[in-house]
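S.K.: Sequence:
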Amino acid sequence: MLKAFGFYKETNVPKRMELLTKTFNYKSQEHLDFIQNRITRFKQAQAALYNYDNTIISSLTVGLVFYAGGSIIPFLPSFAISIGGFSYASYLVGNREQAGLVRPYREALTDLIEVYQWSMGNKTDTWWKLGVLEIQDLILTLGPMVRKETIAVWEEKDLQPGALLSRGKEPTEAFKTKATEFAAGTQMQSIWFAVYGENGNDDILGMATAYLKHTAQGAAEKYAPAPLAGYLGLR
Numbered sequence: 001m002l003k004a005f006g007f008y009k010e011t012n013v014p015k016r017m018e019l020l021t022k023t024f025n026y027k028s029q030e031h032l033d034f035i036q037n038r039i040t041r042f043k044q045a046q047a048a049l050y051n052y053d054n055t056i057i058s059s060l061t062v063g064l065v066f067y068a069g070g071s072i073i074p075f076l077p078s079f080a081i082s083i084g085g086f087s088y089a090s091y092l093v094g095n096r097e098q099a100g101l102v103r104p105y106r107e108a109l110t111d112l113i114e115v116y117q118w119s120m121g122n123k124t125d126t127w128w129k130l131g132v133l134e135i136q137d138l139i140l141t142l143g144p145m146v147r148k149e150t151i152a153v154w155e156e157k158d159l160q161p162g163a164l165l166s167r168g169k170e171p172t173e174a175f176k177t178k179a180t181e182f183a184a185g186t187q188m189q190s191i192w193f194a195v196y197g198e199n200g201n202d203d204i205l206g207m208a209t210a211y212l213k214h215t216a217q218g219a220a221e222k223y224a225p226a227p228l229a230g231y232l233g234l235r
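Residues 1 to 235 in full-length UniProt numbering are what the sequence shown lists, from first letter to last.
Derived by calculation from the structure, the hints in this document are not laboratory data.
Treat the hints with caution; some may be incorrect.
[To be verified] With a cut-off of at most 25 Å between alpha-carbon atoms, the simulated DSS-like pairs for lysine-lysine come out as follows:
{"hint": "1", "residue 1": "K27", "residue 2": "K43"}
{"hint": "2", "residue 1": "K157", "residue 2": "K43"}
{"hint": "3", "residue 1": "K157", "residue 2": "K123"}
{"hint": "4", "residue 1": "K157", "residue 2": "K178"}
{"hint": "5", "residue 1": "K169", "residue 2": "K148"}
{"hint": "6", "residue 1": "K169", "residue 2": "K43"}
{"hint": "7", "residue 1": "K43", "residue 2": "K15"}
These numbers were taken from a predicted model, which means no experiment stands behind them.
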């Protein structure tokens, strides 16, 4: 039903491949292609789930905005639109599990953690591995979704250029910045980490409500007239 109305698009997720039994070799194209397969699977599963959940948040936003506006200046269509927004959000939340997006996302995240531990967990040749594009892509993709203890297997010296040696793709300053943030656990401070991150609770409704309240509070403090801010209990 949702696909019929175009609310989210089905993506062709690559077929899952079992973890290779060989020891990871950063020079092996077969191994790098395997890593890329799992990165692609995760990104597509993530995009599908985010698209669905963004529709929930958008519907809640519509409901909140028109409900607040209709309370200040009573206008029947505003309440009707508000009810429609809340009702549709409720419908989506109720059918979130049945939409078949949460489980593939969790499986793809688990697989991505697995391939990261396979390729980087033994902490050998780390300096060389960080000069491989597929490894850099893996870190940038997985880093926001896992705890610092899971992602940070490198040392500071591994991020720096060699004095006499050179590697395939020297990490950029932007990559080094993100790697440093991951190692510090900055990603775990996001309110969305509890939903989508490692060992997340998948409670999109609770987190979306908290997010909208936070967003509405900031908007009210900046722009909303006193009656609206007071109505929302934001001051």
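S.K.: Hints broken by the structure, by number, lowest first?
M.R.: Of the numbered hints given earlier, the structure breaks just one, which is hint 2.
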